[in-house]
Amino acid sequence: MVPAHVSIIMDGNGRWAQQRHRERSYGHREGAESIRACIEAAMEAGVRYLSLYTFSEENWNRPDEEVKGIMNLFMTFLGKEKENLRKNGIRFLTIGNRNRLSKDIREGIAEVERYTAGCDRLTLVVMFSYSGKWDMVQAVNRYREDIAAGKADPSQALDITGFEKYISTAGIPDPDLLIRTGGELRISNYMLWQCAYSEFYFTDILWPDFRKTEFRKALDSFENRQRRYGEIN
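Numbering-wise (this note's numbering), the sequence shown opens with residue 493 and increments by one.
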């Protein structure tokens with residue numbers, strides 16, 4: 493069985509670069525090649541949604557030079573890959589706290605999202621300036637705004653289905669498979685709501701070395717899992 497939605501915590505760029513006595517930015521650039529490889533592998537396998545934890549809200553605390561390099565790399569990706577995304581039928585979405593992004597990045601994201609809106613072969617979701625805790629807080633705030641606007645009734649209890657309408661990934665299926673590279677065994681404040689029943693796959697492979705072969709290994713592992721959702725099979 494092929495997972496409909498695969499999500500990846502892309503970890504290890506900096507360590508990969510340091511092992512080669514290079515600056516961390518070198519690892520981020522090489523990591524971009526792994527993104528391209530995993531997009532291709534996902535489409536070849538029939539995956540419908542691929543989400544990537546690209547930059548967390550906590551990552552803003554990294555050295556200014558590294559943050560600036562990541563922002564520049566993201567802008568380069570938006571400019572270079574726009575045509576390729578639409579040509580290959582890839583819808584592009586970015587989810588995260590855009591208030592912390594510069595105007596040019598926000599405009600670049602909006603342009604690529606509009607340009608690829610009609611694509612339906614694969615949806616690529618880039619989680620940028622994102623955190624799971626931020627996601628749940630913004631969901632509550634959106635609900636409060638709807639109450640104030642008369643669009644929600646505060647006298648009615650909000651159930652799980654109702655709350656999910658306010659989560660940033662509303663309309664996107666929860667990840668079936670969550671992959672984390674780099675050897676760490678945690679999810680680092682990532683999609684805390686959405687990953688309630690995701691299957692996890694951890695690997696010591698650093699992200700710049702995670703290419704098609706490693707992606708397929710993760711899919712093979714998923715295929716051998718039994719998903720019970722709390723039931724007895």
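Since the hints were derived computationally from the structure, they do not count as laboratory data. Cβ atoms here follow ideal geometry from the backbone N, Cα and C, with glycine treated the same way. Take the hints with a grain of salt, since some may be wrong.
Cross-link-like lysine-lysine pairs, in silico, DSS-like; alpha carbons within 25 Å at most [claimed, not checked]:
{"hint": "1", "residue 1": "K574", "residue 2": "K595"}
{"hint": "2", "residue 1": "K579", "residue 2": "K560"}
{"hint": "3", "residue 1": "K579", "residue 2": "K625"}
{"hint": "4", "residue 1": "K572", "residue 2": "K595"}
{"hint": "5", "residue 1": "K657", "residue 2": "K579"}
The calculated label-pair distances, taken between Cβ atoms and stated as ranges, are [as the list claims (entries may be wrong)]:
{"hint": "6", "residue 1": "S594", "residue 2": "K709", "range": "17 to 27 Å"}
{"hint": "7", "residue 1": "R717", "residue 2": "E532", "range": "37 to 47 Å"}
{"hint": "8", "residue 1": "E676", "residue 2": "M563", "range": "33 to 43 Å"}
{"hint": "9", "residue 1": "R598", "residue 2": "D638", "range": "28 to 38 Å"}
{"hint": "10", "residue 1": "D638", "residue 2": "D556", "range": "35 to 45 Å"}
We went through each hint and held it up to the structure:
For the given pair, K574 sits about 18 Å from K595 by alpha-carbon distance, which is consistent with the 25 Å threshold. Restraint check for K579 and K560: the C-alpha separation of about 29 Å exceeds 25 Å, so the hint is violated. The hinted pair formed by K579 and K625 fails the criterion: a straight-line CA distance of about 35 Å is larger than 25 Å. Distance hint between K572 and K595 is fulfilled; the C-alpha atoms sit about 19 Å from each other, no more than 25 Å.
Simply put, K657 and K579 have alpha-carbon atoms about 31 Å apart, too far for the 25 Å limit, and the pair is violated. The given range of 17 to 27 Å is broken by S594 and K709, whose C-beta atoms sit roughly 37 Å from each other. In this structure, R717 and E532 break the distance hint of 37 to 47 Å, their C-beta atoms being roughly 24 Å apart. The hinted range of 33 to 43 Å is not satisfied by E676 and M563, whose Cβ atoms lie roughly 24 Å apart.
One distance hint, 28 to 38 Å for the beta-carbon pair R598 and D638, is violated here, with the actual separation near 24 Å. Separation of D638 from D556 is about 38 Å and conforms to the stated range, judged on CB atoms against 35 to 45 Å.
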